[in-house]
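**Student:** Given these sequences and hints, build the entire structure.
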Amino acid sequence: MKDIRYEDTITELERELRHLCTVIKQKGREILTNFEITPPQFQALQYLINEENLTIGELSNKMYLACSTITDLVDRMEKNELVKRVRDEKDRRVVRIYVLEKGHEIINEVLDARRHYLDDLLQDLHSDEKKAILKSVEMIYSRTV
Numbered sequence: 652m653k654d655i656r657y658e659d660t661i662t663e664l665e666r667e668l669r670h671l672c673t674v675i676k677q678k679g680r681e682i683l684t685n686f687e688i689t690p691p692q693f694q695a696l697q698y699l700i701n702e703e704n705l706t707i708g709e710l711s712n713k714m715y716l717a718c719s720t721i722t723d724l725v726d727r728m729e730k731n732e733l734v735k736r737v738r739d740e741k742d743r744r745v746v747r748i749y750v751l752e753k754g755h756e757i758i759n760e761v762l763d764a765r766r767h768y769l770d771d772l773l774q775d776l777h778s779d780e781k782k783a784i785l786k787s788v789e790m791i792y793s794r795t796v
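Here my numbering runs 651 ahead of the position in the sequence shown, where the first position is 1.
By construction, these hints were calculated from the structure, which means they are not laboratory data. Please note that a few of the clues may not be correct.
[Claimed, not checked] In silico BS3-like links for lysine-lysine, alpha-carbon gap of 27 Å or less: (1) Lys782 x Lys676; (2) Lys713 x Lys730; (3) Lys676 x Lys781; (4) Lys713 x Lys676; (5) Lys786 x Lys676.
**Tutor:** Given below as C-alpha cells:
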C-alpha cells in the first residue's frame with residue numbers, strides 16, 4: 652500500500668501542473684490576439700518549422716485533424732503569405748508546405764512575447780531557483796517521450 656503522503660503529493664502535483672498548463676495555454680492564446688494568427692495556425696507553423704516541409708497528410712497526423720481541415724488551414728495561411736505549397740522534386744504527386752519569411756517572423760514574435768510573459772512570472776526568483784524549475788520540468792518531460 653502506498654504512503655498517504657505520497658498519494659497526496661502526486662494528487663497535488665497533478666492538479667498544480669494541470670492548472671499551470673491551463674493558465675499558460677490561456678495566456679498563450681491571449682498573446683496570439685495581438686498577432687494576425689490563430690491558435691491552430693500557430694501550432695501548424697511550429698510543426699512546419701520544427702519538422703520542415705511536411706505534407707498536408709503529415710501535418711494532419713501531427714495535429715490530429717482531418718486532411719480537409721488542414722487543407723483549409725493551409726489555404727488561409729497561404730493567403731496570408733505565411734506558407735507556400737511546393738511540389739516535391741522527387742515525386743511530383745507530393746506537395747510539401749514551406750514556411751515563408753513572414754511565417755518565421757510571426758512565430759519568432761509570438762515566442763518572444765511568450766518568453767517575456769514567463770520572464771515576468773519568474774522575475775522574483777533567483778537564477779538557481781529558475782535552474783531547479785527547468786531541471787525538474789526537463790526531467791518530467793523526458794519521461795514522457
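**Student:** A separate judgement is required for each hint: does it hold in the structure or not?
**Tutor:** Cross-check of the supplied hints:
no.	hint	result
1	Lys782 x Lys676	holds, 22 Å
2	Lys713 x Lys730	holds, 22 Å
3	Lys676 x Lys781	holds, 20 Å
4	Lys713 x Lys676	holds, 18 Å
5	Lys786 x Lys676	holds, 21 Å
Checked against the numbered hints given earlier, the structure satisfies every one of them.
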